[in-house]
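Here is how the chains run, residue by residue.
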Amino acid sequence: MELTPHKTLREIAGYMNAEYDGNPDFKITGINEIHRVEKGDITFVDHPKYYRKALQSAASTIIINKKMASPNGKALIFSDDPFRDFVLLIQKFSPFRPSEAMISPTAKIGQNTVVQPGVFIGNNVLIGDNCVIHANVTINDHCVIGNNVIIHSGAVIGADAFYFKRRPSHYDKLESCGHVEIGDHAEIGANTTIDRGVSGITTIGEGTKLDNLIQIGHDTIIGKNCLFAAQVGVAGCVNIEDDVILWGQVGVQKDLTIGKGAVVLGQSGIAKSLEGDKTYFGSPVLEAKEKMKELALMKRLPAIVEKLSS
Amino acid sequence: MELTPHKTLREIAGYMNAEYDGNPDFKITGINEIHRVEKGDITFVDHPKYYRKALQSAASTIIINKKMASPNGKALIFSDDPFRDFVLLIQKFSPFRPSEAMISPTAKIGQNTVVQPGVFIGNNVLIGDNCVIHANVTINDHCVIGNNVIIHSGAVIGADAFYFKRRPSHYDKLESCGHVEIGDHAEIGANTTIDRGVSGITTIGEGTKLDNLIQIGHDTIIGKNCLFAAQVGVAGCVNIEDDVILWGQVGVQKDLTIGKGAVVLGQSGIAKSLEGDKTYFGSPVLEAKEKMKELALMKRLPAIVEKLSS
Amino acid sequence: MELTPHKTLREIAGYMNAEYDGNPDFKITGINEIHRVEKGDITFVDHPKYYRKALQSAASTIIINKKMASPNGKALIFSDDPFRDFVLLIQKFSPFRPSEAMISPTAKIGQNTVVQPGVFIGNNVLIGDNCVIHANVTINDHCVIGNNVIIHSGAVIGADAFYFKRRPSHYDKLESCGHVEIGDHAEIGANTTIDRGVSGITTIGEGTKLDNLIQIGHDTIIGKNCLFAAQVGVAGCVNIEDDVILWGQVGVQKDLTIGKGAVVLGQSGIAKSLEGDKTYFGSPVLEAKEKMKELALMKRLPAIVEKLSS
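Residue numbers (the numbering used here), protein chains in the order written: chain P, 66 to 375; chain C, 66 to 375; chain W, 66 to 375.
Chain P with its partners taken away, still in its complex shape:
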C-alpha cells in the first residue's frame, strides 16, 4: 500500500512510540508485508530466522524486535512486538470504512459497463469500460477492474487476507490494506473468491479465465491467459506465470511458482514450484507421465507381490 502523503521515519516511529536508528527525515513511501515489499516501504520482522531476509529485502524501513545498527541506506524501528505495531500502522493509514450505499459514491465505473442488481461496489473501486458485473457480486474497497471484464454472480473480489499470528491464547489478525487488480478481458466465475493483498496487490492477468467456486489467496499474482477450472484453490503469495492451465479442484500451496505454460490435471496438489511447459498430476503432484507409470505399476503390484511371495 502506498502512503499518501509520504511519512518520515520520525513520524512513523512516533505513532508506535518506538526508538529507531536512521535519519529522522528518512522518507517512508509505502507499507508492505515481506513477500511483496518494494523500495521505500516499511515492513516488519519478528523472528530471528527471518532477520536476514528482511534486512536484505527491498524494504527501506524495518520494524524489528532486536536492537542493532541499521544497514546502509535502511532505517530500523525497534519494537517488542513488530507484528502488533505493523497492524497499528495499517489501522491508522487504511482503516475500514463502512459503506451506506450498494455502490459507493467514490467508485468510478466506465462506459458501457453493466452493473446488475444486488452488486456491492466499495469505496474507491475503479471499473473499466464494457464490463458486465452480474447480480450479487461483491467488489470491496480500492479494487481495480480492467476493461471488457466479466464477473459472474456471487463472486467476492477483495475479501481480507487469511493471515494470522499465533499468540499463546489466541490468533491475532494481520489487517489487510492491499487490494485486487483484474486485467482486461479476464472472466471471474460465479461464487469465486479473490482475497486482497495483505498490503500488496492480488493480480489476475489480462485474458485469464477463472471458473466458479475458485479461491485465490492474498498477494498471489496470476499471469495472462491462464485457465482455471472450477473449485481450484490457490493459497497466498503464489506466482503463476502466463498460459497456465489448472483443471478442476487443483490445490496450490503458498509462496511457490508455476512456470509458463504448465498444465496441471484435476485434483492435483502442488506443494513446490513447477517448471513450465510440462503436464502434472497427483497429490502430491508428479509429472503426469511419472504418475501414469506409478498408477500402472500399482495395477500390476498384486500379481507381482503374489509371484514374488510364492
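Everything labelled a hint here was simulated from the structure, so no lab data went into it. These figures come from a predicted structure and were not determined experimentally. Hints may be right or wrong, so weigh each one.
Note that identical chains are pooled: a pair holds if it fits in a single copy or bridges any two copies.
[What the hints assert, rightly or not] In silico lysine-lysine, DSS-like type, Cα no more than 25 Å apart, as pairs:
hint: 1; residue 1: K118; residue 2: K337
hint: 2; residue 1: K337; residue 2: K325
hint: 3; residue 1: K319; residue 2: K118
hint: 4; residue 1: K354; residue 2: K118
hint: 5; residue 1: K157; residue 2: K364
hint: 6; residue 1: K230; residue 2: K289
hint: 7; residue 1: K238; residue 2: K364
hint: 8; residue 1: K114; residue 2: K319
Model the placement of chains C and W on the given structure of chain P, informed by the hints.
For chains C and W alone, coordinates are given in the frame of chain P:
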C-alpha cells in the same frame, strides 16, 4: 436454444455474409452446440477431426470451414471461422439484456412460492408453486424452476458456460444462450453454482438434492433422486443417471456418463464413464473393493519389500 | 430446539394422533435428533439397529415404530413412521417464517457492529458488539453471533441441514429447526457456508478462523482457536476440538472426532476419528510420517520391482 421465429438458410447465411450449400428456404429452428444438437438446429465445426461427427449429427445445418457438398437433408454454411460466426449468431439472437429490478417484470412466479430478500430473478425466468428461494440467490435469464423446489442462499443458477477457444494471443468465449431447468422437489444448496447450457439445457432431475458449494457445468444432465454432498464438482456435458450418490468433494470430468444407482465415495476423481449399481473410490477412481485391496496392499508393502530385499 | 412453552406427552402424542406409554403429564422440553439429544428432549428412532442407542440416550421421550414398555424414566410414542411424525413436530413448532425486510425487525444487533449493504439477517438473529458483517452475507433465523466477529461477503450462516430419508420413490427431508452459534473473535471467510443443526446447534468456537469457500455441516461442533484453510469441507455431527488446523481442501466425514491440536495437511480425507497433537496427510488419511514413508517407497518401487523380477 430455439429460434423464434424460425429462420431460413438464406437469412442465417446472410447475417454472416457467407456462402452456403442447400435450399435457400431450408428452415433453421434452433442453435445448438454439437453435444446437445437436435433436428432443425444449426451447429458449427472447425476441426477436421470432428467433421464426421458434425456431419453425422442430428444437426440440420452446419457451419464448417471446408467447402464440400451438403449431405442428404442437411445444409452447409462455409466460414473461415465457424466459431466466430456461431458466436455472432448467439449474440444476434440471444443478446445479454441487463436488468433494472431485482425481480424482472418478465419473470413468472407460482403460487405459494416464497422469495426471500436479496434474490435476483432474471428475464423470462419461470418458477413453479410452493418453492422457497432463500436470501441472496441469483437465478439468471430463461431458467425454469419446477414446483416444491428449495434453493438455498447464495446459489447461482444459470451463470455462463466455461467454454473458450484458444487463439494465438488469447481465448475467445463461446457465448452462452442456453439455460437451466430444475425439476420438482429438487433442493439446491447454499452457494452452489449451476451453469446454463452453451445453447442447450443444464438439467437437475426431479427429487435430486444438491448440498452446498457444488459446481455443475454447462449442458450437464442429472437424473432423478440423485444425492450430491458438499463441494462436488461436475464438469460440462456430463450425463448422470437416476439415483446416483456422489459424496463430498468428488470431481467429475466432462463428457462422460455415470450409470443409474452408482455410488462414489468422497474425494474420488472420475475421468471416464462408470457403470451403474456399483460403488467407487479413489482418484483416479476404481471400484471401491479394488481400491480397498490396493490400500491394504500398500500397508503391507514395506514389510514385503523388506522381506524380499533381504 | 427448546420447546417454549414445554409440552406434555399427552399433547405431543395428540398432535400425531398416536398411542404412547408413559405418564400423560410427562414434560417434553425440547426436540432433538439423536446425535445431539438432551434430557427432556423428544427424539425418534425407526430402525431396530438403533433402538438400543435411542433407548439408552439422554432423550426422555422417543417416537418409535415398535410397541414395547417404556424404560424407567422415559416415555415412548408409537408410530408407523417416526421420521414423518418427527418432521411433523418440527413443522408445527418451528415453521419457516418468510421475511420481508433485508434485516428482520426481530433481529438484535450490538453496539459498534457494522452491517454492510446487501446483508440479509433473519428472524430472531442475535449479533454481538464490534462485529463486521460484510456485503451480501446471509444470516438465517435464530443464529447467534458473538462479539468482535468478522463475516466476509457471501457467507451463508444457517442454511438447512443436508439430511434426507430414502423412500422407495424419493427422498424425504428432515426439516431443520436448529441454528448456528459463532463465538467471540471468530472470523468466517467469503462464500463459506455453515449449516444449522437439524434440531441442535452448529457451533464455531471462540477465536476460530475459517477461510473462504468452506462447508461446515449441521450439528458440527468446532472448538476454540481452530484454523481451517480455504475449501475445507466438514460433514455433519463432527466434533473438532480446540486448536485444530486443517489445511486447504481437506474433507471430513460425518460423526467423528478430531482431537485437540491435530494438524491435517492439504487435500487429506478423514473417514475416522483422529487423535490430537499429531500431523496427518493423505486420502484416506495416515499420520504424516507414515504417509511420507509410503510416498518414499512408491518412488523406489519401480527399481525394486525391476530388481526382484530379474
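I'd like to know which numbered hints this structure contradicts. Please list them from smallest to largest. Structure breaks hints 4, 5 and 7.
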